[in-house]
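Working from the sequences, and respecting the hints, build out all of it.
Heads up: the protein sequence lines correspond to chains U and W, in order. Position 66, counted from 1, in the first sequence is what this note's numbering calls 66; the numbers after and before it change by one each time, with no gaps. Position in the second sequence (from 1) plus 1000 gives the number in this note's numbering.
Keep in mind that the hints are not guaranteed to be accurate.
Stated by the list, open to error - Chain W side only, calculated, beta carbon under 8 Å to chain U, not exhaustive:
{"id": "1", "residue": "F1088"}
{"id": "2", "residue": "G1100"}
{"id": "3", "residue": "A1106"}
{"id": "4", "residue": "T1151"}
Just so you know, the hints here were simulated from the structure itself, not pulled from any lab data. Even glycine gets a Cβ: it sits at the ideal position worked out from N, Cα and C.
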Amino acid sequence: MSVLAQQLLLGLLIGGLYGLAAAGLSLVFGVLKVLDVAHGELIMLGGYMAFFAVALLGLDPFVSLLLVIPLSVLLGLALYWGLFGFVVRADEETRVKNSLLIGFGLALALHALAVRLWTADERSIITPWGGSVISVGGLSIPVVRLVSLAVAFALIGGLHLLLARWRWGKAIRATAEDWQAALLTGIDVRRAYLLAFAIGTGLAGAAGTLVTIGYSVSPSIGLEWTLKALIVVVLAGLGSMIGTFVGGLLLGVAEAASAAAFGGPYREVVGLVIFVVVLVVRPRGLFGR
Amino acid sequence: MLEIRDLEAAYGDIPVLSGVTLSVGPGEIVALLGPNGAGKSTLLNVVAGLLRPRAGSIRFDGADLASVRAHLVVERGVALVPEGRRLFGTMTVEENLELGAFAARARATRAAGLERVWALFPDLRERRRQLVRSLSGGQQQMVAVGRALMTNPRLLMLDEPSLGIAPRLVRSIMESLAEINRGGVAVFLVEQNVQAALGLADRGYVLESGRIAGHGSAADLLRDPHVRRAYLGPLAVRE
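As C-alpha cells, this is what we get:
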C-alpha cells in the first residue's frame, strides 16, 4: 500500500511539470491557433540554459529561473519575429498546417544544434541539498521535486493573474476567444500573438529548468515533452491555465497508477489512451470552454 | 464624414461589391438595406478594416481609411457592432465593456463611457458581474452596442442588431440608437428589419448583388413600390 502511495506521490510531483510544460503550449495554441510542436525543444533549451547558469555562474538552480525565463522570453520574441509571425497571417486552417511544418523543422534544427553544441550526453544539476528527503507518514518526499511542484504552481498562478488582471492579459484572452472581435475593440491582435508566444516560450524555459533540476536534460528530450504537453492540453482543454495544471497532475498520477498496476512500460501508454478517450468522449477537454 | 467611392471587394475570387459609392454625414442615421447575400456585411467589414478592398476609396473625415489596419480604424473613431454580436462569452459584462475602451483614445474616456452605457442600458448595470453568455439575446445585443460605444466612436456601424431578438427589444434597441445619435454619433445601420431601420434613419441605400440599386430619404424609400415589394413583404403592399 505504501509503495503504491509513494509511486502516486512521485507521479503527482512530476505531474506539476507536465502542467507547466502544457501551459505554454496551451497558451500559444489557444491564442495564435498555431500548434508549436517544437515546444519540447524550447523546454530542452531552457534546461540547457539552467544547466549552464548553474555550472558556469554558480547560481542556485531555482534562482537560475530568474535568468532562464527572461532569456526564453527573448528567444520567443525572436522566434515569433523570424518564423511564427508569418504563419499567423494565414487563415486558421492553413495556420495549423503551416505551423506543424515549421514546428517540426524547428524541432529538428534545435535538436541538431543542441547535439552539435553540447553533445548528446545527458546532463543534470547536482546540488548539495539535492538528495534531501522529507518523510511524512511513511512517505518520502524528495525536497527538490516538492519545491519544483511549488514553483510550477506559483508560475501557473502568476500566469492566471496576468491573464485575468493585466490589460494585455485581457487582450490575449479576448484574442483567443474571437480575434476579429478583438480587432473591433481596438486590440492590436498581432501584438497579442507576440506576447502570448513570448510568454509561452518563457513558460517552456521555466519547465525546462525544473526538468533539469529534478531529472536531467539531453538534446533528445524535446519530443517526449511535446507529447506530454499535447496530452495534457487535450485532457484539460483550452481556456484555463489552472485547469491545464490540474490536467498535468492528473496525467502524472495516472501514469504512476498504470505503472503500478500493469508494470513500468505501461507508464507511457496511459497518456495515449487518455488522449484518444478524451478526444472521443469529450473533445473540448475536462475544463475546456 | 464617411465617403465611400467606387468600392470593390471580393472574398478570394468571388466578387462581392462593385462600384459602391455612398456617404454618411456627421450626425446622420443612414440605413443600408438589401437582401441576404447582397454584400451588406462585407461593406461594413471593409470599412472596419477586417477585409481589404480591391479598389476604390474609403475616406473618414477626409483621411484614407482603406489601408488602415482594423484596430487603428477603431482609434480613428469608427466602431462596428458585428453580425451575431461576437461578444467575449467567457467574460463578464463589465469586462466586455472595458475591452471596448482598449484603444488609447478610448481609455481616456473610459469612466465616462461606462456611465454612458449604464445610463443607456440600466439592465446591464445590475448584471455587470454576470458572464455574457448567460444573458438573453437582447441583453447581449445591448452589451455589443455598449462595447462599441466604449470605443468612443464618432461613427457607429451596426450589422443587423435586431437579428434573433424579441420584437419588444428591437424597439428598445432602435430607441437607444436614436439616443446615441442625439449625442452626436453618426449611425450606419444594416438591417433586415426594414420597417424598423427606415423608422429610425434619415436616409437609406439599397444594395443588391453588390451594387447600389437605389437611395433616398427614409420616407421616400418607405413609399417606393420596389422597396415595399422586395423588403416589406406582401402585407405591406396590401395595406
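We went through each hint and held it up to the structure:
1. Hint status for F1088 of chain W relative to chain U: holds, with the closest Cβ pair at about 5 Å, below 8 Å.
2. The criterion of a C-beta within 8 Å of any C-beta in chain U is met by G1100 of chain W, whose closest approach is roughly 5 Å, and the hint holds.
3. For A1106 of chain W, the interface hint holds, the least distance from its beta-carbon to any beta-carbon of chain U being 7 Å, beneath 8 Å.
4. Proximity of T1151 of chain W to chain U holds as hinted, the smallest CB-CB distance being about 6 Å (cut-off 8 Å).
Checked against the numbered hints given earlier, the structure satisfies every one of them.
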